[in-house]
Structure formats: structure tokens, C-alpha cells
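Going down the list, the sequences are from chains A and B.
Just so we're on the same page, my numbering is the position in the first sequence counted from 1, plus 1.
Just so we're on the same page, my numbering is the position in the second sequence counted from 1, plus 202.
Honestly, the hints are just simulated from the structure, not real lab data.
Please read all numbers here as calculations on a predicted model, not as lab measurements.
By construction, the Cβ of each residue, glycine as well, lies at the ideal position given by its N, Cα and C atoms.
Hints are all accurate, no fakes.
Take a look, some chain A residues computed to stay more than 10 Å from chain B by CB distance: (1) Met2; (2) Glu5; (3) Thr8; (4) Arg80; (5) Ala88; (6) Thr212; (7) Ser255; (8) Tyr257; (9) Ala266; (10) Gly295; (11) Ala310; (12) Ala319; (13) Gly320; (14) Asn328; (15) Asp350; (16) Gln441.
Partner residues are not named here, just some residues of chain A that face chain B (Cβ under 8 Å, in silico): (17) Ala186; (18) Val238; (19) Ser282.
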Amino acid sequence: MLIERLTEALGADAVKTSPEDLACYSFDAYSQGVLPSAVVLPTSAAQVSAVVKIARDLGEPLIARGSGTGLCGGATPLRAGIVLSFARMNQLLELDIENRRARVAPGLVNLQLSERIASTGYFYAPDPASQRASTIGGNIGTNAGGPHCLAYGTTVNHVLALEMIDDRGECFTTAVDDLGYDLTALLVGSEGTLGIVTSAWVRLLRLPPATGVWLAAFPSIESASEAVSAIVGAGIVPTALEMMDATIVRAVESAYAAGYPEDAAAVLLVESSGEPEEVASADAAIARIARAHGATKWQAATSAEQRDALWRGRKGAAGAVGRIAPNYYTQDVCVPRTRLPEMLAAVDDAARRHEIVVGNVFHAGDGNLHPLLLYDKRDARQVAAVIETGNIVLARAVELGGTISGEHGVGIEKRNGMSLVYRTEDLAAMACVRDVFDPQALLNPEKIFPSGISCREMRT
Amino acid sequence: MPRDANVNDIAISDALAEATARRRSVALRAGGVFAGMHRSVLDADEIDLRARRAVLEYEPRDLTIAVECGATVAQIEQLLRERRQFLPLDAPDAVRASVGGVLATAWNGPRRHRYGRPRDLLIGSAFALANGTLARAGGMVVKNVAGYDLSRLFVGSMGTLAVLLRANFKALPLPECTRMFLASLPAGTRARAFAQVRNLRPEPAAAWWIGGFAHEIDGDPGDDGRIAILMECDGALLERATLDWRAALGRAGIPETRLLDAGAHAAFSRLLDAPMQLPGAHAVTYRSPSLPSNALALADAVAGVIDRFELQCDLLVDIMNGDVTVRAGGNAAGFAQMIGMLDDALHDLAPRARILAGGGDAHDRLDCFGLLPNALSRMRALKQRFDPHGILNPGVAFFDGGHT
Numbered sequence: 002m003l004i005e006r007l008t009e010a011l012g013a014d015a016v017k018t019s020p021e022d023l024a025c026y027s028f029d030a031y032s033q034g035v036l037p038s039a040v041v042l043p044t045s046a047a048q049v050s051a052v053v054k055i056a057r058d059l060g061e062p063l064i065a066r067g068s069g070t071g072l073c074g075g076a077t078p079l080r081a082g083i084v085l086s087f088a089r090m091n092q093l094l095e096l097d098i099e100n101r102r103a104r105v106a107p108g109l110v111n112l113q114l115s116e117r118i119a120s121t122g123y124f125y126a127p128d129p130a131s132q133r134a135s136t137i138g139g140n141i142g143t144n145a146g147g148p149h150c151l152a153y154g155t156t157v158n159h160v161l162a163l164e165m166i167d168d169r170g171e172c173f174t175t176a177v178d179d180l181g182y183d184l185t186a187l188l189v190g191s192e193g194t195l196g197i198v199t200s201a202w203v204r205l206l207r208l209p210p211a212t213g214v215w216l217a218a219f220p221s222i223e224s225a226s227e228a229v230s231a232i233v234g235a236g237i238v239p240t241a242l243e244m245m246d247a248t249i250v251r252a253v254e255s256a257y258a259a260g261y262p263e264d265a266a267a268v269l270l271v272e273s274s275g276e277p278e279e280v281a282s283a284d285a286a287i288a289r290i291a292r293a294h295g296a297t298k299w300q301a302a303t304s305a306e307q308r309d310a311l312w313r314g315r316k317g318a319a320g321a322v323g324r325i326a327p328n329y330y331t332q333d334v335c336v337p338r339t340r341l342p343e344m345l346a347a348v349d350d351a352a353r354r355h356e357i358v359v360g361n362v363f364h365a366g367d368g369n370l371h372p373l374l375l376y377d378k379r380d381a382r383q384v385a386a387v388i389e390t391g392n393i394v395l396a397r398a399v400e401l402g403g404t405i406s407g408e409h410g411v412g413i414e415k416r417n418g419m420s421l422v423y424r425t426e427d428l429a430a431m432a433c434v435r436d437v438f439d440p441q442a443l444l445n446p447e448k449i450f451p452s453g454i455s456c457r458e459m460r461t
Numbered sequence: 203m204p205r206d207a208n209v210n211d212i213a214i215s216d217a218l219a220e221a222t223a224r225r226r227s228v229a230l231r232a233g234g235v236f237a238g239m240h241r242s243v244l245d246a247d248e249i250d251l252r253a254r255r256a257v258l259e260y261e262p263r264d265l266t267i268a269v270e271c272g273a274t275v276a277q278i279e280q281l282l283r284e285r286r287q288f289l290p291l292d293a294p295d296a297v298r299a300s301v302g303g304v305l306a307t308a309w310n311g312p313r314r315h316r317y318g319r320p321r322d323l324l325i326g327s328a329f330a331l332a333n334g335t336l337a338r339a340g341g342m343v344v345k346n347v348a349g350y351d352l353s354r355l356f357v358g359s360m361g362t363l364a365v366l367l368r369a370n371f372k373a374l375p376l377p378e379c380t381r382m383f384l385a386s387l388p389a390g391t392r393a394r395a396f397a398q399v400r401n402l403r404p405e406p407a408a409a410w411w412i413g414g415f416a417h418e419i420d421g422d423p424g425d426d427g428r429i430a431i432l433m434e435c436d437g438a439l440l441e442r443a444t445l446d447w448r449a450a451l452g453r454a455g456i457p458e459t460r461l462l463d464a465g466a467h468a469a470f471s472r473l474l475d476a477p478m479q480l481p482g483a484h485a486v487t488y489r490s491p492s493l494p495s496n497a498l499a500l501a502d503a504v505a506g507v508i509d510r511f512e513l514q515c516d517l518l519v520d521i522m523n524g525d526v527t528v529r530a531g532g533n534a535a536g537f538a539q540m541i542g543m544l545d546d547a548l549h550d551l552a553p554r555a556r557i558l559a560g561g562g563d564a565h566d567r568l569d570c571f572g573l574l575p576n577a578l579s580r581m582r583a584l585k586q587r588f589d590p591h592g593i594l595n596p597g598v599a600f601f602d603g604g605h606t
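Could you put the whole structure together from the sequences, leaning on the hints where they help?
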């Protein structure tokens, strides 16, 4: 019945049911789930609406999916259901340079938007490391960040309006200038649990006239962390302020020869954009602070090629650790910037105690850490050690006033971690929102919330 | 009766639980600066939040600050300025305007294209629900995607969804230099000026075209109105950027530009304050969002309507964001009847125009909000779930179905 109705609504070409196809959509970058009942590839909001109505009739869960690059299992089906792939809704629908905005379909790949409008002198700021593959719809689902959100903010700061399909298959719209509750901000980051995005107006920024990229080498990760706090504390917010430890630097150099000093215990990759005078000021001020905190090297990228090479190393860091270990697990926590040294010490301590190798590559300016826990999944001891280390990292981040996810989302992975950050009352308030938007829990069920949390605590 | 002004979280929680149990309405009160932007609450116990103005956490090295929602915008500005930081809430009457008021009304200032909206700077909150439950969302970190962003959901809620107790913000480094550019526009230069300002580098922190507001806003009226542009930048950039801006304005046919340095901040404050100031009881101010490319045409059309009614018209166009603010006023004896027709005519042209301030309870008599949001039914469902007995600020808006 399900397949027949989907085929009738979308056409046979848009409904995938072969075991091979279903297998491709049974996992994302985090984990393996179960085979969905069907995969559909709609081409319009009307088709998305039709799919939702069918799913509702038949009680089938719906999982919206971009490119499946999510690291928390947000697009993984847990109990069959229909996976909605936006691979065919990937258009740049409208470009309105005069008003600095673009309307995009959810399946448009993040980087393609900036590439396609580069000649206009504008760009789309959110730049998750996955931006070559991840879609803007997926980025909206997780409120994705990236290195440059230090200066520009995360995805929520760049979404102007949304067109959504709700749990009944009805279309509704929200916009940042709407009166009333800020539903746009609520929907961004809701991981596909409150509705399905079918198009979005996003904000475009003017390309800066000047950009400087520098690399600073430090004798210890602590001194690099202190430098980060000092830079921000001095009132300097670069466009990006990224840190890599020795493990990552060696892996990156081995893979890309990006020009990182392999004898450094930590390096900072700093970018500043703006008018030439502003970039020059940032260069002088940040170099002074870096040296005051023990930097052994301060090197400017003197050409676009050098700049690209330094960034290529940073953005390819996760891939480069494949040279060290067959598997890695990326953790994502965020702490107040001044607590970075303590947090890094805690990561190091937990890794040592559990005898695993850790590489740190992260958005230091935001206090957003990404310890890469390296392991071999064929070794049960290492797998257990990674899980335990990850849990310690989450708990310590919360103890330091931080949170369990800075930019990857909750998905399946961190459902139980939510109780570390929030009390039952806090989670119940969120559950009530879920209950209003999707009382039957058809949309991406069993994500975000720990078991046992419901809206009933709020009933009066 | 007003409750104790020094109420703490527990007292507010208790008061709300009691109000819900007794089905008594509660009216939230703070600075009152934004009172003209929503309808009045009738027959309700008042919870006065003005004394809840403590700074709860401030770590300058983290660029984060947490305040009670009764804290005034000026109070926070002063504290942050001491550490060369700022929070661009851009509220009018900052001495009285509360942080809670800014968030409850989703006040959006002219610097939002550069620094973000107040909600973009909001990173966490604590709140009391209608049944007295104390809860929180977000935290004190600048990136946080753990769960739904309830803090931002409450922005624009006009106190109808919860009582916001605490707001956590990310602060920004204070720009080294602030300079206000004022220029009168010769006849026929307005459109060109508008285009030049939109493309200035460095980008203005804020920019307006002004028609009228002669007593409230700096600058001499020109044949085509006047402009005010705020530069906020690095000290090393100031003089070169000034030359560039003047050259760009010159290309638009504007021969002279007056600069304010020491007085820039005060002039900026007057621009923020002007829309909320009424010359008398016979005046009302509206603001309509618009695309920047449509803003001048909308302003002209609105001015034409007000002219038809033979009323005084003051206009303020936010060049970078597109907001059109218009104040209509007069002394006519029939103003009360006339303003009703004007309200209809304005909303025909600018359906999303909302009232900012008005004499004679304009916010209760006229179409206070303009076009209601497409997602209204979802907002009402949220209201029903979070405040099922409708005790929080009943009637101030459209969430409880009282106004359509």
C-alpha cells in the first residue's frame, strides 16, 4: 500500500525500494540505522506535502535528509519509515542581490551557493567543514556553524524566511520580520522534528575587500588556548580562529603538506577580513598577543595559494587522521572561551586514562571543541574506551558551563546527554513545542529527546 | 495590585502558579517604552519587573553577559562600555527601555544588518511558565545546538508565552571610532544617495533617509530630505573611509557632509528615540518592514496618503534594512475619526505596518499589528499549550484569538 501510494503521487522514478537503495539511506555519517520502508526523491513542495499525507495516513515515520553528512545520526532511520531525500530539490530558486538574499531549495549544496554567486561580490557565510557535500536544508536542520561563524554567526543568523510542510502536509511560512513568536529561530536547529523545509530565503554578505590568514605556532596547547582567550578578551574577533594540536598538525602535513610547522605542539589558524586597514590592525594586534603567549612562529599567508593551502589543511584535518588510525569519532562540545585550557586538559586526561589517541582540531574562538578520538573499531577495548572518553568529555564540558553540542546537533548520539545540560522541566518545555508541531511524532522520531521526557509535566 | 517590586524567581513562580490556579490574569510591567506596540491588558494583577535589573554574570574575556530582564538597556551599555564592549540592542529611550521589553517586542534596530538582531545575540534564558514552572534554555556559550532554541522562540511573544527572567547575550567589542555623517539632499539626489549609501565601503553601521522629524533628529532639511549615516570602524580606517564616503556622496550630488564625532553617540540616540516621540496626543507612528529596494517607493506612497488627509508627515527610512517609519500628526478636531481612515489607507499600502506609538490609546483603537503572520495558527497552538488558561498578558496581541 505504501509503495503504491508513493508511486502514484511521485512517479516510479522518485520512489526507491530496492534493498541496495534502501541500504544507502539507512545510515548517515554517524551510524547505521535500520532499512527505511522507502526512499523518495520529491521535486516540489507539493510532492513533499503528498508524501507527508501518505505517511500520516499509514503511520509511517518521515526522515528528511540532505546529504547525510550529519555526525549525530539525525538523518538515520530508527524504525523504518520514509526517507525524504532532497537530492532533486537542489536549485538556487531566486537571486536578489539588490536586497542581499537568495531563495534556495533545501537540497542545494552549501558551497555551491557561494560558488554560483561569487561573481556578484556576495557570499553565503555559514561554512561547516562538510560544506562541499552538506545541503543548506541539512544545515538549517542542525543550525550548522563552521570556522567563520565566529564573526558571522551560525545558520540561524542567516535564514530570513522558511517555507515548511507540517506534520499534516500543510504548507506554512515563517520570516524573521513576522510578528509574534520567532518560529524561524525555533525551526532552525530543530533537526527535522517540527516540519520539513521546502525552501528558504537566506542572507548574503558582501565579500570583504581584504583577507589575511596567519598561522601561529605554540610550544603547548595551553599557551595556544591562553592566547585565544587573550585575543578575544582584547576585543578582537577575527573572522576565524582555529586550533590544531600536534597530532592533527602531523596528520595534515603528511596528507596535504599545507605548510604547518610539525614541531609545534599547537597551531592557531587565524583569519581576519574587512578593509585593508582593519586587516593590518588585526595582524599587528594578534601577532603581539600570540608572541606574548609564547608563539614561536607567526607566519602570514602571502598569496591566495598559501591561504588556500592553510585552509585546505584545516578543513581536511578529519580526513587526514585516517593516516593515524582506521577510525575516528568526532566529539562536539562548546565551553566558555576562558575554560578552554581546562577543557583541553580534561580531554587529554580522559584519553590518556583510556589509552586512546586524541587529536584536537576546533573552533577555538567560539570555545567549540572537536576532539577526534582515534581508534580501531575491530578492537572492542578501543571502542569501549572511545565511548567512555566521549562521555567524560560531555560531562566535563557541562561542568565547565558549556554544552553538549556546539554545532553538530543532538540526533541519536546525544539524546541521553541532553539530561546533562537540562533539567526535566527544561526538556518538558521543549517536548511541549514538539507536541504542538507534531503530536504523533511522525517527523524524525526518537531524535533529540532522552527517553521518558514528555510534555505532561507542563500540563496545568 | 502591583506585587512587590523586588520579586525573585521563586516569588514570580508562586505568583504565576497561584494566578493559574485562580484563573487570574497577570500583566507584566517593565519600562513601558514599548507599551504602544501592543494592546493594553485589562483587569489583571500586575507583576512589576523593573526592580529585577541585576547583572547576573559578566565575563568580559568571554564576551558574554547575563542580566535580569528588568535591566535597562542604558545600564548594560554603560557596564559594557567600561570594558570597551557593547550590545547593539538599539532600543529607544535606553534609560527606561528594559532588556525584557526589547525581546518581548522583537525590537529590531538599524544596526542589525551589521551586528545581528537582538535575538541573534541572545544565547540563553531563564523563564517562568504560566503554571509557575521555572525553566531555562541555552546557556553562556556562543554556540549551542542542544535542543530547541526556546530563548529565541520567546522573542516577539509580548509576554504571552512565559515570563522572561534572565537573558544571556554575547557581547561585541566596541568599535574604536564612531562618526556620524549628516547631509542635506539637494533636489533630485535622493535615489542616487540611497544607492550610494547602500554600496558604501566600509559598510555603514546604520543609515537613514529622513523627511521631517525637524525637532527630534539632527541635520538641516534639504530639498530632498536629509541623510544620517553612522560609521563604526577601526581607528586606522577612519580618515580614509571618511574621504571615500564623502566622495561617494559627492557622486550622488551631495556637496557637503557634516561630521559628528563627540556628538555621534547622542545623535544616534536621538535617531533611535525619534519614532517613539509624539508631538502631542494627535499623532501616531507606524513602522513597516520592507525590502531595501522598495523602501523609498513605500515611503513616498505613505507620505502621499498622509498628505491626502492633510496631516503632518515625518518619515524615517532605514536604508540598510528597509524599515519605513512614518509619524502622522495634526491638530484637527476630527483627528480621531480621520486617523481611523488613515489607518485603513496605510495598511492598504503597507499591510505589515505596525504601530510603535500613538496618542489617545491608538494601539487599542487602531490596527495595532497590521498583517498577522502566516503561521498564526501554530503560534496560537503554542500559546494554548504554554498558557492554557490565558493568564499571561491576555489581550495584548493576537495569540489568544482576541484580535484578528
